[in-house]
Structures are given as structure tokens and as C-alpha cells.
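Enquirer: These are the residues of each chain, in order.
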Amino acid sequence: AQKVTQAQTEISVVEKEDVTLDCVYETRDTTYYLFWYKQPPSGELVFLIRRNSFDEQNEISGRYSWNFQKSTSSFNFTITASQVVDSAVYFCALSEAILSGGSYIPTFGRGTSLIVHP
Amino acid sequence: ETGVTQTPRHLVMGMTNKKSLKCEQHLGHNAMYWYKQSAKKPLELMFVYNFKEQTENNSVPSRFSPECPNSSHLFLHLHTLQPEDSALYLCASSQEPGENYNEQFFGPGTRLTVL
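Residue numbers (my numbering), protein chains in the order written: chain A, 54 to 171; chain B, 13 to 127.
Calculated from the structure, these hints are not laboratory results.
Each residue gets a CB set at the ideal place from its N, CA and C atoms; glycine is no exception.
A portion of the hints provided could be inaccurate.
To give an idea of the chain B side of the interface with chain A (calculated C-beta under 8 angstroms), a few residues [what the hints assert, rightly or not]:
1) E68
2) L100
3) Q116
Just chain B, with the same shape it has in the complex (with noise of 0.2 angstroms):
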């Protein structure tokens, strides 16, 4: 595998249900970002961790969970989740600070339907 992972890459899930999305990276960067990507909205950043440690909580409701075990993974666990959380969750990965600041490498997204 190569670059940034995701999966699965579709999803759909009822709202009392408990699911997880999955990220991977093997790139050996060490910041990992979660994006939604909603159609009739820009994209969102949602969380973002840095050496595993979470660095920014961009206001996400608590039905989102985030969790970083390592540098390489990166783990979205949903529930009681509303219909208008279906969107594409993106998740990216950079190195911080590096040679190429910001630059970010997305993995394809878990399209999400929340029925």
C-alpha cells in the first residue's frame, strides 16, 4: 500500500448504529487530519493530531469521535449519527514541520449515508 488509505470507502449506517472509519498513512508523516466533505458546503477540517496528540477540535459535535493510536492511524468512530452527517470524510497526512509545510496527502474518502 502506498499513501494515504481509507476505508471503507462507502458506508451506509442507521442512525443508532455504531461504526468506525479507518485511516492509514505510509508516508511516515506525522500530522494526520480528519476533513467532512458535505455537497453544498466548503470542506471542513475536523480534527487534527500531531505526534498522535490531538491539536485541534474544530468544533465537531461529541457523536464524533476521534482516535490516533500512532502516527500512521487514524480512526473516526461514529454514532447516533443525523442525516446530515452524510457527506465524504476525507483523511489526510503531512509532516509538521518539514520542507514541504502543508502539504497534505488525502487518502480517496469513505463516502457516508446516514439513513
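This is chain A alone, in the form it adopts within the complex (with noise of 0.2 angstroms):
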């Protein structure tokens, strides 16, 4: 069974701050697949990035960046310098590549509710 734990349920910051979001996982898998998404007050989830199991690169891509550790199995985001608008709930989810029908069941976290406070 897989399983996405965000020990942090909640984060604030000031902004400018750099702000580092958890995620540890567990899966019986060895091909899996690892994502996380950006919940706005708005209410849609916005894809933010995902990595397979096989490609242990970090990734960079503007303020953001993800570091991938299977050793740990842990996928970390990282927010740099954080703005006001980077304020909402972040999930982690893990899905295996089972294809069951054509499709994939995720499993996610319980999400970490960041708050920059200007």
C-alpha cells in the first residue's frame, strides 16, 4: 500500500523567506511516480511538478525547487525568498504505475497550509 505523510500541517513565514515543505512516502513499488500541487484559496489544484522513480535529479525552476531522495524517500519542496502569493495548501502525492483499466490510483498527503505574511 502507498502512503504520502506532510508531517507539517501548517507553515507561516515572513515574506523573502525561504520555506522548505516535507514529504516522506512509503511504496512497495520500484517504479512509482512522485507530484506535488498547489491548492490557491481558489479551491483548484495546480500541478507543480512530477518525477518518477528512476530519475533522481533536483530540480530548480524559478524560486521553486524539489530534492529527491529515495534513500530517505522524501520529496522536498523548497520555496525561495516566498511572496504573499505563494501563500496557499501544498500536497505531495505518490502514484504507482499499476494501470489498472488504463488508470492510476494517487494517493496524497494531507497538505501543508503555507502563509506569508507580507
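Join these two chains into a complex; the hints should help.
Expert: In C-alpha cells:
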């Protein structure tokens, strides 16, 4: 069974601070995908990144960066120089490559609410 | 319209009412999903449709009935709901399989309150 743990329920920072959101996962598969989504107050989840289990390269996209460590089963997300617009709930998710009937069942963490104060 | 749209955005219903949630995707995807997001629980996958065929029913009570008439539209029919069914219901779509495997695009959700 797959499981995603986001231990941080809420993080509060002041603008321009760096912040790291933790994600730890459990899976018995060797092939899987990890994701981060952002949910702003408007409600819709916005896809941020997908990483497959064979690609441990860290990724940077502007102020966002992701650190994938298979040895610790973690996929952490860092926002550099945070801004008020980064305030949202961030979800980490895991999908095992099952393709049952051509679909998959993702497992989401409980989310981390990030509040960036001006 | 672009992306994934959901109507209504807010819905209040009594336990004896029958209502439907609608989702439409304008992305040319072939898979659509219903999720339930409650305040105290992680995001829960309810149903998956791939090429209009239901491929997953994640142990959802029968008072929730999905319908997918084509790959662009997805409905969730509701009847005799319970107050604990109050939640944000999110629809998503993706292209499966494809280069952007598993990348789901979400709608804004329907905030449902059951009285």
C-alpha cells in the first residue's frame, strides 16, 4: 500500500524567507511517480511537478526547487524568497505505475498550509 | 472556456434532495476523476473514468452515482446524502497514457453543504 506523509500541517513565514515543505512516502513498488500540487484559496489544485522513481535529479524552476532522495523516501519542496502569492495549501502525492484498467490511483498527503506574511 | 470547469460552485441541499454536480474538461483528455476533499481528511479519490468507462470506484457509497456520457463531461449524481458528505468535490482530467502521464488538471471544485 502507498502512503504519503506531510508532517507539517501549517507553516507561517515572512515574505522573502526561504521555506521547505517536507514529504515522506511509502511504497513497495520500484516504479512510481511523485507529485506536488498547489491549492490556492480559489480551490483548484495546480500541478507543479512530477518526478518518476528513476530520476533522482533535483529540479529547479524559478523560486521553486525539489529534492528527491530515494534513500530517505523523501521528496521535499523548497520555495526561495517566498512571496505572499505563495500562500496556499501544498499537496504531495504518490502514484504507483499500476495502470489498472488504464488508470491509476494517486495517494495524496494531508497537505501543508503555507502562510506568507507581508 | 478553458481547462476544467465545474458547476455549481456552491450547493446546499437537504438530506432528501437529489442534485447533480457537473464537470467539463476542454483539454481533449480521455480520463476524468472525482475527488472528495473534507476538512479533516486527505484528498480522497472517488471515481475514475477512462474513455468513458469507469475503471475505479474507490469504495464510494451508492448515494453517489457518477455518469460519464463522453470523455469531456462527468457528472456526480447525489441523493439522500448525509451531513458528513459535506465537502469540496473536485473534478480532474488527464491524458492516459501519454507523455505527461499522471499530470492531472483540476477544476475549482463544488463546495457542497448537506443540511
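Enquirer: Hint check: is the beta carbon of Q116(B) less than 8 angstroms from a beta carbon of chain A?
Expert: With a minimum Cβ separation of about 7 angstroms from chain A (threshold 8 angstroms), the hint on Q116(B) holds.
Enquirer: Answer holds if the nearest beta-carbon of chain A is closer than 8 angstroms to that of E68(B); otherwise answer violated.
Expert: Where the cut-off is 8 angstroms and the nearest Cβ of chain A is about 6 angstroms from E68(B), the hint holds.
Enquirer: Min Cβ distance, L100(B) to chain A: is it shorter than 8 angstroms?
Expert: Since the shortest Cβ distance to chain A is 6 angstroms, the answer is holds.
The structure meets every hint from the earlier list without exception.
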